[in-house]
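Residue numbers (the numbering used here), protein chains in the order written: chain A, 209 to 412; chain B, 209 to 412; chain C, 209 to 412.
Since no wrong hints were added, every one of them can be taken at face value.
Derived DSSO-like pairs (lysine-lysine); straight-line CA-CA distance at most 27 Å:
1) C:384 / A:384
2) B:340 / C:410
3) B:392 / A:392
4) A:340 / B:410
5) B:225 / C:410
6) C:410 / B:343
7) C:392 / C:225
8) B:384 / C:384
9) C:392 / A:392
10) C:252 / A:384
11) C:252 / A:392
Treat the hints as calculated values from the structure; they're not laboratory data. Bear in mind that the values here come from a model prediction, so they are computed numbers and not experimental data.
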Amino acid sequence: MIRLFPREDDFFALFKKQAATVHQGCELLGVMVRDYTDIEQKAKVLRDVEHQGDQITHEIIERLNRTFITPLEREDIHGLAGRLDDVLDSVEAIASRFVLLRIAQPTPQCIALVDIIDRAADEIVKAVDRLKELKTLVTFTIEINRLENEADAISRDVLADLFNGGHEVMDVLRWKEIYGRLEKTADQCEDIANIIESIVLKNS
Amino acid sequence: MIRLFPREDDFFALFKKQAATVHQGCELLGVMVRDYTDIEQKAKVLRDVEHQGDQITHEIIERLNRTFITPLEREDIHGLAGRLDDVLDSVEAIASRFVLLRIAQPTPQCIALVDIIDRAADEIVKAVDRLKELKTLVTFTIEINRLENEADAISRDVLADLFNGGHEVMDVLRWKEIYGRLEKTADQCEDIANIIESIVLKNS
Amino acid sequence: MIRLFPREDDFFALFKKQAATVHQGCELLGVMVRDYTDIEQKAKVLRDVEHQGDQITHEIIERLNRTFITPLEREDIHGLAGRLDDVLDSVEAIASRFVLLRIAQPTPQCIALVDIIDRAADEIVKAVDRLKELKTLVTFTIEINRLENEADAISRDVLADLFNGGHEVMDVLRWKEIYGRLEKTADQCEDIANIIESIVLKNS
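This is chain A alone, in the form it adopts within the complex (with noise of 0.2 Å):
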């Protein structure tokens, strides 16, 4: 059924729901990192979070197929439930890469870098929770790129360790597949910061 009366509030809501299930999986995998116990048990849980994100996306562009008026662009709706749903994929690949790689025990960095993807997910639910405003969220946009020269600068130290010569050839490869992908998700919160900052300035 086509509604002719939407209510706009709808979105907003469901986004939330979305943004809040991103920032759980977050902080799961930040307990699992610091305390590394029980991770296969950890990484079904995280699974399982994933999958209630997966439905949360497939409500927000169902919700968008029966609605005709909405309260920011289509593609917007679009792209956000999109990207929001990519940090949530990558956020449990990570945890199963823990698994499947055989990691004996995270590094430093590593946790390091989990939780400024953890403090970026809090900085996202509070956009998405002004969203409706439409505000320029300028201290937004700043912090998210605080965290990422932040990840950058750890990156860099990492890369600098695994190649100094001291470590496994195996090993190196294995922290490569899971740094590589704690950047990429540090990245992918960027994206989610412009996207937001995208429709703000579309809309103002």
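Given the coordinates of chain A, assemble chains B and C onto it according to the supplied hints.
Only chains B and C this time, still in chain A's reference frame:
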């Protein structure tokens, strides 16, 4: 010459032609991995198909420049043509990597991933066929997502296998190169599903 | 303060400044690989240029927030500024990798890829110069595609060489890191060609 009365059908006909070429490229990669003989020759044929695809892409962009009123937004025509071209480029790059990396024999998981990309190309052909009617292709997106999940499960098995300690490091690098590109190509098929879904949403 | 009567020229002038900074970064990387001495110092200079680029990017975004009527769509200004920033980030990251990975000497292929990126930056400067006239820059896209094909051919040679069995595994990893980033940067230059082509199409 600027056309004042464009034949709208032209763009849809060109997209069909381009999708068919993408599909042909995927099928040729399938033939290569299932019957792993004369691979230099098979990679060369795929390279020719990729060049044909390039020409169709250029034809779409040129026609876009000559046409005054377009049946879809100009940047969507540009975007879809570009993303279809990306898939064909990726498929050709994979075929050439089998030759360049001196891969002795494709693995069953590699054949399964090529098969998934082939089925995704099938779905893309069908979606492009129906693009003119601007129907919300719910089954299309569901099917592409299902294929993407299947590809993801295989990729996880592959990763666990590559890091189980039973492979030469250089072989691990070889296969990570091939598998990484196969996964990226599956993702690019999903991008096309998203762009088509977004075009339909924008115009519905 | 919101400007009611914006000077349209400002955005084009800022884009020219940003493109010039990107070009400067590419040139500095060229100097570094051709005269491979004092590389820490050269990487540091490039880092400073990258910070200058960041400031121009922020200036564009801030001006976007303060300006009521813009000469191009807001999200296109945002998108082009972001993509130009990406190229400069990548070029700086490559320079720092030579230091971090303790690369003894750049290869001829590496120098050739840097040269291609440098020529792509040349083309980008020219295209940004003409952006105000919104001309369909056919030669620009053709030249960028030609450069991308050249980069692709070199990357294939490099891959065959890296996997021919004559290199230490850790050196293969080092060079894959450097070459991967060079190829990604060439792709990002192509992305800019696409975004400029798309802006011109949208406004013509």
